[in-house]
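Visitor: By the count of full-length UniProt numbering, the sequence shown reaches residue 568 at its end, each step adding exactly one.
Some hints could be false.
[Claimed, not checked] For lysine to aspartate or glutamate, the following EDC-like pairs were computed, each having C-alpha atoms within a straight-line distance of at most 16 Å:
1. Lys52 to Asp39
2. Lys542 to Glu524
3. Lys320 to Glu309
4. Lys203 to Glu239
5. Lys52 to Glu172
6. Lys41 to Glu216
7. Lys479 to Glu513
8. Lys320 to Glu300
9. Lys489 to Glu322
10. Lys506 to Glu488
11. Lys506 to Glu490
12. Lys81 to Glu101
13. Lys76 to Glu97
14. Lys321 to Glu97
15. Lys321 to Glu305
16. Lys81 to Asp125
17. Lys151 to Glu65
18. Lys73 to Asp39
19. Lys531 to Glu513
20. Lys81 to Glu68
21. Lys506 to Glu524
22. Lys76 to Asp100
23. Lys409 to Asp419
24. Lys76 to Glu170
25. Lys151 to Glu172
26. Lys519 to Glu97
27. Lys150 to Asp134
28. Lys320 to Glu276
29. Lys409 to Asp422
30. Lys292 to Glu338
31. Lys150 to Glu172
32. Lys76 to Glu101
33. Lys409 to Asp426
34. Lys151 to Asp134
35. Lys320 to Glu338
36. Lys519 to Asp125
37. Lys531 to Glu469
38. Lys531 to Glu146
39. Lys81 to Glu216
40. Lys150 to Glu170
In short, the hints are calculated from the structure, not lab data.
Just so it is clear, the structure is predicted and the values come from calculations on it, not from any experiment.
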Amino acid sequence: MTCAFEVVFPALLQRARDLGIHGIPYDAPVIRQIRIVRDRKMERAPIELMHKVPTCLLHNLEGLENLELEWPKLLKLQTPKGTFLTSPAATSFAVMETKDENCLAYINYVVNKFNGGAPTVYPVDIYARLWAVDRLQRLGISRFFETEIKKCLDHVYRFWTEKGSFSARESEFCDIDDTSMGIRLLRLHGYNISPNALSKFKKDDEFTCYVGQGFESPSPVFNLYRASQVLFPGETILEQARQFSYNFLRERLQKNQLLDKWLISKHLPDEHRMSEINNEAYLELAKLDYNKCQAQHQMEWNRMEQWYEDSSLEEFGISKKELLLYYFLASASIFEPERSGERSAWVKSQTVCTVLSSCYFITEGAESSEQSIALSSEFRNGQPRNWRPGCKNVKGLLTILFETLRDLKSHAQERSGRDISDLLLDAWGVWLNKLGRGEEEIQEAELLVSTINICSGYIVSEETLSNNEYNTLSGLTNKMCCQLRQLEKEKVSGMEWKKVRNCCSKYMEIEKEMQLLVKLVLQESSNGISKDIKQTFLMVAKTFYYRAYFATEQIDNHVSNVLFAPVV
Numbered sequence: 001m002t003c004a005f006e007v008v009f010p011a012l013l014q015r016a017r018d019l020g021i022h023g024i025p026y027d028a029p030v031i032r033q034i035r036i037v038r039d040r041k042m043e044r045a046p047i048e049l050m051h052k053v054p055t056c057l058l059h060n061l062e063g064l065e066n067l068e069l070e071w072p073k074l075l076k077l078q079t080p081k082g083t084f085l086t087s088p089a090a091t092s093f094a095v096m097e098t099k100d101e102n103c104l105a106y107i108n109y110v111v112n113k114f115n116g117g118a119p120t121v122y123p124v125d126i127y128a129r130l131w132a133v134d135r136l137q138r139l140g141i142s143r144f145f146e147t148e149i150k151k152c153l154d155h156v157y158r159f160w161t162e163k164g165s166f167s168a169r170e171s172e173f174c175d176i177d178d179t180s181m182g183i184r185l186l187r188l189h190g191y192n193i194s195p196n197a198l199s200k201f202k203k204d205d206e207f208t209c210y211v212g213q214g215f216e217s218p219s220p221v222f223n224l225y226r227a228s229q230v231l232f233p234g235e236t237i238l239e240q241a242r243q244f245s246y247n248f249l250r251e252r253l254q255k256n257q258l259l260d261k262w263l264i265s266k267h268l269p270d271e272h273r274m275s276e277i278n279n280e281a282y283l284e285l286a287k288l289d290y291n292k293c294q295a296q297h298q299m300e301w302n303r304m305e306q307w308y309e310d311s312s313l314e315e316f317g318i319s320k321k322e323l324l325l326y327y328f329l330a331s332a333s334i335f336e337p338e339r340s341g342e343r344s345a346w347v348k349s350q351t352v353c354t355v356l357s358s359c360y361f362i363t364e365g366a367e368s369s370e371q372s373i374a375l376s377s378e379f380r381n382g383q384p385r386n387w388r389p390g391c392k393n394v395k396g397l398l399t400i401l402f403e404t405l406r407d408l409k410s411h412a413q414e415r416s417g418r419d420i421s422d423l424l425l426d427a428w429g430v431w432l433n434k435l436g437r438g439e440e441e442i443q444e445a446e447l448l449v450s451t452i453n454i455c456s457g458y459i460v461s462e463e464t465l466s467n468n469e470y471n472t473l474s475g476l477t478n479k480m481c482c483q484l485r486q487l488e489k490e491k492v493s494g495m496e497w498k499k500v501r502n503c504c505s506k507y508m509e510i511e512k513e514m515q516l517l518v519k520l521v522l523q524e525s526s527n528g529i530s531k532d533i534k535q536t537f538l539m540v541a542k543t544f545y546y547r548a549y550f551a552t553e554q555i556d557n558h559v560s561n562v563l564f565a566p567v568v
């Protein structure tokens, strides 16, 4: 269905009537209703602006012939390609009215390209690339198309302007949908992009898709909300966008007002589907990949269950349900089949951390401190000593950890080509030493990140671990995750979180820390810290955020569906 159908269709009917074409129900009730909708829209339309700046009215000029169109002014609003807002129909109408050569050249080009026909809009090079990348990411198969994705986003970035973006390059007219998607995807992939273009779409306390928009659809506002999730500290426009879009979508959801004019019936026989976006091959690949990953994860979980039994983890207060949660968080974050080693490192490390953090043998006092320091030293040397009888179970657990780290050593060595066992032992030794000193914040997140990065082959030298930016990321992640862990214990509901996050200093502090972490992770480093290393910090932090935010029942449902429900 053409854009602005309610404006264009009555004009076409009037033209048919003027030509004396009979047999058309010109005054049928449905036609009268369409005219009423048109009249309401035209009352709100920015007629006074349409001759000065590009507006949405340029897209349906063929429906505006009853207006006094000033063509010398309108022709100045063409794109460099000669089109009016990428609309072949509007541009054809301009040819009929003005005989403009640029318009005619565009029409000839489109008709030749499409073998005598023309789509409703062309070109759509920005829209097609952005939504294709988004579709691949949402389906979980973007890793197969990294080269193509970079080319797509390079193209979008090349034609990005301070005003934002539209479906086609070199357009003075921009909309909030393409602009929001562009900001989010470009920022997620490390491009230097400012969100200030969104200011153009803000009026008072509300955002609109474009000037003159009469009905805000959920889908553009949803993309605005998604863009607000890559908020950096101090970016007021994204703060405002998040607040508006959240309230808008929540209200629509509560009232069940989810009608979206951009979504049309999938049963129309002549519907055109853009192969870059609506491609059945994407969906088929995603299903095959998901089921392959899920089968791998289920086999790994079976091994984890055996490890749980062999290690007698129940004696240490670890339930099988808790272990399953750890595995779910790891497999949902690192899902690729070939990264089994990192998942195992994550789950077993988090399990051992949980046990040691609450273990009876680590208590306050000089004896405990000396014991923990000795343990740290012996751990680094790879030789756990014979502990007194009261620590028998702890020794058994540490022995399991040594065996696990030795298994991971070969996996990491295969990835990096180096022996990284010293790095693993040092990371754990430092953590045990801090634990023994009774530090207030048990830095579990830092240990998880270091273990994952080492086992992934991202860290191959001590130099990285001592890097200033790495230490900054570690400190920030530790602080935030400790706060989130405390919130998890309090287990506020999602509703309560939304109510208090803007008024409670604790929640506001976490929000600011997450914004800073996102900025540090997504911005390019100048000192050699790789994107993969930084992404691990955000990945681990998001799991703590997830556990603090979602209700236990929701998490259980997610675990069941993601790990055990097949996709057909």
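Visitor: Run every hint past the structure and note whether it holds.
Guide: Do the hints match the structure? See the list:
no., hint, in the structure
1, Lys52 to Asp39, "violated (22 Å)"
2, Lys542 to Glu524, "violated (20 Å)"
3, Lys320 to Glu309, "holds (9 Å)"
4, Lys203 to Glu239, "holds (15 Å)"
5, Lys52 to Glu172, "holds (12 Å)"
6, Lys41 to Glu216, "holds (13 Å)"
7, Lys479 to Glu513, "holds (9 Å)"
8, Lys320 to Glu300, "holds (14 Å)"
9, Lys489 to Glu322, "holds (14 Å)"
10, Lys506 to Glu488, "holds (13 Å)"
11, Lys506 to Glu490, "holds (13 Å)"
12, Lys81 to Glu101, "holds (11 Å)"
13, Lys76 to Glu97, "holds (15 Å)"
14, Lys321 to Glu97, "violated (72 Å)"
15, Lys321 to Glu305, "holds (10 Å)"
16, Lys81 to Asp125, "holds (13 Å)"
17, Lys151 to Glu65, "violated (41 Å)"
18, Lys73 to Asp39, "violated (24 Å)"
19, Lys531 to Glu513, "violated (19 Å)"
20, Lys81 to Glu68, "violated (25 Å)"
21, Lys506 to Glu524, "violated (29 Å)"
22, Lys76 to Asp100, "holds (11 Å)"
23, Lys409 to Asp419, "holds (7 Å)"
24, Lys76 to Glu170, "holds (14 Å)"
25, Lys151 to Glu172, "violated (23 Å)"
26, Lys519 to Glu97, "violated (51 Å)"
27, Lys150 to Asp134, "holds (13 Å)"
28, Lys320 to Glu276, "violated (44 Å)"
29, Lys409 to Asp422, "holds (10 Å)"
30, Lys292 to Glu338, "holds (11 Å)"
31, Lys150 to Glu172, "violated (25 Å)"
32, Lys76 to Glu101, "holds (13 Å)"
33, Lys409 to Asp426, "holds (13 Å)"
34, Lys151 to Asp134, "holds (14 Å)"
35, Lys320 to Glu338, "violated (25 Å)"
36, Lys519 to Asp125, "violated (29 Å)"
37, Lys531 to Glu469, "holds (12 Å)"
38, Lys531 to Glu146, "holds (14 Å)"
39, Lys81 to Glu216, "violated (30 Å)"
40, Lys150 to Glu170, "violated (20 Å)"
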